[in-house]
Every structure is written in structure tokens, then in C-alpha cells.
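Top line first, the protein sequences correspond to chains A and B. Quick note: the first sequence uses the working numbering, first residue 5, plus one each step. Quick note: the second sequence uses the working numbering, first residue 7, plus one each step.
By construction, these hints were calculated from the structure, which means they are not laboratory data. Backbone N, C-alpha and C define an ideal beta-carbon position, used for all residues, glycine too. Among the hints, erroneous ones may be present.
Stated by the list, open to error - Footprint (simulated), chain A over chain B, 3 or more residues, beta carbon under 8 Å:
id, region
1, 23 to 30
2, 49 to 58
3, 63 to 73
4, 82 to 88
Stated by the list, open to error - Which residues of chain A face chain B? A few of them, derived with a C-beta cut under 10 Å, are:
id, residue
5, P11
6, P15
7, D38
8, N39
9, S58
10, A59
11, S73
12, R75
13, F102
14, S103
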Amino acid sequence: MLEPIEPHIRPREVLHPADLVVRGWPLTVDALMDNADSTRSRYSYRGEPFAAVSAEATVPGWDLASILSGRRLRTRRRYAHVNTRELIAAGFTLLPTFSLPHYSIVLGTYTENEAERLLVVLGPDHDNPHYVRRPE
Amino acid sequence: MSDTPSVRVTLRADVHQIDETGYVWVFFDRAAEPDRVRPGSLIVAGDEDEPFLARVVDIVDTSVGRPIVHLDVVGVPEEAIDELRHARLIA
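Pulled out of the complex, with its shape left as it was, chain A reads as follows (with noise of 0.2 Å):
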């Protein structure tokens, strides 16, 4: 039986339209399905599926230079962002799940299609200046 994700969503909690929604690498369809395949394989919201895709957002104590230098996204060669208005604008949902700063993108259907609009949206990957380098 899927485990509901309402628990678990942050409650309160709203994005100011210019706060950014950060994904490292992989930033590939696949990957994005990947992602969203193991979320709706053990997670529901509002009874069905939840199909949607990990990232982190600038909220309150993290801006976007704490979440690419944070414990996991140090990992990260490449990442792209955009800010929230944009995406959803584009008809994106944004839960706030779990611990700050994650939120789950929620796509409006689990297809390849849907997970090439997200990597559109997101737009082009930068490089993260606070990877952790290969030591000289």
C-alpha cells in the first residue's frame, strides 16, 4: 500500500515568486523519470500515485549558495534553477516535503514528455562552484 505524502508535507509554507527551485545533476529525462518513478512507487497524494520530483528551494535560511555548498548538493558538478513563478506559471505544483530546503515538483503526468518540459523549464545546467574539486 502507498504511503500518503500528506504528512509530510511542511504546512504554512509559501514560496515568494522570485525564490529559485534548484536540481543538480542528472538533469536527463531518465533521470527525471527515474526520480518520479520511485516517488509515485511509494507515495500517494490525494489517494493516487504521487509522481513527482525531487529538488531544493531558496526558502527562509537557505539561499542558493547554502543549498549548492549544502551536505549533498557539494556532490553536484552541474545544477539549473528557476524561479518559482515560472514554474508555475508553466503549470508545475510545488509541494514542500519533508525537511527544508526539499520540495517535490509535481508532474502532472508521469510521461517522458512531461519530464522534458520540466528540464525546459528548469533551463540550462550551470556549473556549481561549490563542488567539492578533485584535490590538485
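We have chain A already, so just place chain B on it with the hints.
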């Protein structure tokens, strides 16, 4: 053709994918070599392009009937290699 051997990831995982524990989680049945995935073991996770080092925290059952592995992200493999070289444990 490159002489560099391809990277072999012990457990494919997404560094973003956390659950209520705050740890990265992945279904245990995705492990290419399940014997290497034990609580406490240090493994190479992620994907071939950008692998990361992780400590296996635990392996727990879920309500969907598929156990999951929790991973504590340690860093990137190069950090461990550098430290082992510094300690003269590898050339």
C-alpha cells in the same frame, strides 16, 4: 577508444531524494550488488556520470513491500582517494 574503465555504481540513487529521515533513500532491489549494501558500509552511489560516496544507514521495510536503503551522503570519491593517498594507504 578510452582506456578509462567505466564507473561501476553499487547503488543507483538520486542525491535529492530524501524522506522524513532526512537521508537519501532508494529501493534496495535496485542494488546491482546487494551483498555490498549493508548497514554501515561505505558505497559508491548515484550514477556513472556523477557518483557520490555514501554510508548505508539502514535497510528498512516499507508499506509497499519493497525495502528501502537510507544513505548518508559523505562526499565525492575523489575526497576519499585524496585522504587515502595522504595517509599513504594507496599510491
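Structure-based check of all given hints:
Coverage of a stretch by a chain is defined here by at least three residues with a beta carbon nearer than 8 Å to that chain's beta carbons; for the region 23 to 30 of chain B and chain A the count is 6, and the condition holds. Coverage of the region 49 to 58 of chain B by chain A holds. Counting CB-CB distances below 8 Å, 5 residues qualify, and the rule asks for three or more. Check result for the region 63 to 73 of chain B against chain A: holds, 4 residues qualifying (beta carbon to beta carbon below 8 Å, three or more required). Coverage of the region 82 to 88 of chain B by chain A holds. Counting CB-CB distances below 8 Å, 4 residues qualify, and the rule asks for three or more.
Taking 10 Å as the C-beta contact cut-off toward chain B, the hint placing P11 (chain A) at the interface holds, the least distance being around 8 Å. A hinted interface residue such as P15 (chain A) counts as satisfied when its beta carbon comes closer than 10 Å to some beta carbon of chain B; here the least separation is about 15 Å, so the hint is violated. Hint status for D38 (chain A): holds, given a least beta-carbon distance of 7 Å to chain B, under 10 Å. At about 5 Å, the closest approach between the beta carbon of N39 (chain A) and any beta carbon in chain B falls short of 10 Å, and the interface hint on this residue holds.
The closest approach between the C-beta of S58 (chain A) and any C-beta of chain B is roughly 4 Å, which is under the 10 Å cut-off, so the hint is satisfied. Here the hint on A59 (chain A) is kept, as its CB sits about 6 Å from the closest CB of chain B, short of 10 Å. Nearest Cβ of chain B to the Cβ of S73 (chain A): about 12 Å, over the 10 Å cut. The hint is violated. A distance limit of 10 Å between C-beta atoms decides the matter here; for R75 (chain A) the minimum to chain B is near 6 Å, and the interface restraint holds.
The restraint placing F102 (chain A) at the interface with chain B holds, with a minimum CB-CB distance near 5 Å, inside the 10 Å limit. The beta carbon of S103 (chain A) is positioned within 10 Å of a beta carbon in chain B (closest approach about 5 Å), and the interface hint is therefore held.
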